[in-house]
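Student: If you want the building blocks of each chain, they are given just below.
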Amino acid sequence: MAANLDAAAVRHVAHLARLNISDAEVALYAEQLSRVLGYMEQLGELATDGIAPTAHPLPVVNVFRDDVPVEPWDPQRALQNAPQRQGAFFRVPKVLDQDSA
Amino acid sequence: MGAIIDISRGVRAGVQSAEGAVRAALDRVHKANHSLNALLACDADRALERARALDAARVAGHDPGPLAGVPLALKDNICTPFGITTCGSRILGTFASQYAAHVVERLEFAGAVIIGKTNLDEFAMGSSTENSAFSPTRNPWDLARVAGGSSGGSCAAVAARLVPGALGSDTGGSIRQPASFCGVTGLKPTYGRVSRFGLVAFGSSLDQIGPIAEDAGDVALLLKVIAGHDARDSTSVDVPVPDYLAALDRPLAGLRVGVSEEYFGEGLDSEVRRAVEVAIAELERGGAVVVPVHLPHMKYAIACYYIVATAEASSNLARFDGVHYGHRTENPRDFMDVYAASRGEAFGPEVKRRIMLGTYVLSSGYYDAYYLKALKVRTLIRRDFERAFEQVDVIASPVAPSPAFLVGEKAVDPLAMYLSDVYSVSANLAGIPAVSLPCGFTAAGLPIGMQLMGRMMDEGTLLAAAHQYQLRTDHHRQRPPAFAEL
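Just so you know, the sequences run in chain order A and B. Each residue of the first sequence is one higher than the one before, starting from 955 at the first, in this note's numbering. Each residue of the second sequence is one higher than the one before, starting from 22 at the first, in this note's numbering.
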């Protein structure tokens, strides 16, 4: 385990998380996350070979329901919280560059 | 008898009006909420209209239901089809949910009147309600102190008797720890017992909605209403809901109470230790049998929890992308900037910290060492409980290592804040139910809570033990002096 996060590592993680952070935040999080991850390293003391992981406290898998049609939402209801909309659509900036279009 | 049972009986019998009960609650909110910041929003017009409709229905001969006219407040990460649901975050500062959470439907069907939404740590991430984007909630017993968190608003509102009951959510102790800090009774049900449909997700394998009230009887009534299967939450368990109220009479005689030294180790405040030990002795006096149990992996619970919870949070919070709802940055450079700038502008520091921690432990090269390792340790913790519950019916412990701390005391040290969850996170990792109940006060007059943890789906035993304890004690009847005259 590498518990010491430097600024570059913090910027990389922030990019993966699609999270803009300031230079001051980079420095702060590098210190804080390193400390927390350092604390987490104590799990390394435990031998866990052959132990099955628990992702979920219930032994349920593949829960199905009947495929019953229900009334769909009116588009205006679905768009009620949209930051920007146009007609019956969510409006967003262009996704593709001119070059890649 | 608790205030909830009292009001519903009165309203059903026609000796009290729902409108009167709701007006009284609104009046108390008006008088006291400014000093507590427990409620973020209060919809008086809607609440009064509903109360009058319930009264009219009763006059017309209809039973308004088991929660007839009971004013309640809900944590603001539970979607209501009225008002806004902020999650204590600026990113949802204007979010108006288009639908009701399952628990909202259940409560209203049972005749309850939701009067408002309560403050919380942003997206339920915190142990003090200081991470709310809308200012911290203050503890009714000492306004300089935190109410605990993340359901701090719900617990403070019940403690100050603004409302007789409230709902919170508990991912790592977020109902139990503030209940203990505020001197009220709060239950984290078994994972899957209550539908999470309409609860804004934080850690999906850990989150549960649960009730908060003055005593175990009122908690039992609220649980009976909100528990049960809901096809809209695929983790909701299809197991019949027992009559929790009828089960309260079960005596303490013969109840096997496990006590684990791992919950009484270094870092536990001496006043909290003494109060919990006295409370366990009281259970013994009532006929319970104390049995030592061993939970050897307890010391790894915080590390395990903060890997699992942040990993799940980083995934769940990816939905806040500035596209369909929530804050969007003003002038994005491009499509990617809609995501990154919107999130960077509107998430608070603790949420960013957890998203990054979770992203890191899931990222290529670290997944096995952190996330997969934590899932295996989670198995060991779960097995510890399975073995213990072969010997005992409940396990008694402190809820938190200290009473309510000062506002600002831990705000600058994330790890110190995480460690304050040391006694509560294991129940979430194992999926078991746990209740927090008042068991005494410090010399300075701050409430202390005892935790009882139980077997999967065995809320009945927990609530009965809590109720029998409360019949023998009066800690849960004490009211914060500054709010006693409301």
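In short, the hints are calculated from the structure, not lab data. Hints may be right or wrong, so weigh each one.
[Claimed, not checked] Just a sample of chain B residues kept apart from chain A, beta carbon distances all over 12 Å, derived:
1) His83
2) Glu333
3) Met357
4) Ala361
5) Gly379
[Unchecked claim] Residues on chain A that point at chain B, a partial pick, calculated with CB under 10 Å:
6) Glu995
7) Val1046
8) Val1049
[Said to hold, decoys possible] Derived DEER-like restraints, expressed as beta-carbon distance ranges:
9) A/Asn1016 <-> B/Arg493: 43 to 51 Å
10) B/Gly41 <-> A/Leu1000: 31 to 39 Å
11) A/Gln1040 <-> B/Pro502: 35 to 43 Å
12) A/Gly998 <-> B/Gly286: 36 to 44 Å
13) B/Glu287 <-> A/Asp977: 49 to 57 Å
14) B/Ala34 <-> A/Leu1000: 53 to 61 Å
15) B/Asp264 <-> A/Ala961: 55 to 63 Å
16) B/Ser156 <-> A/Asn1016: 38 to 46 Å
No residue lacks a Cβ here, since even glycine has one placed at the ideal position from N, Cα and C.
Student: Quick check: which numbered hints come out false for this structure?
Tutor: Hints 2, 3, 4, 5, 10, 11, 12, 13 not satisfied by this model.
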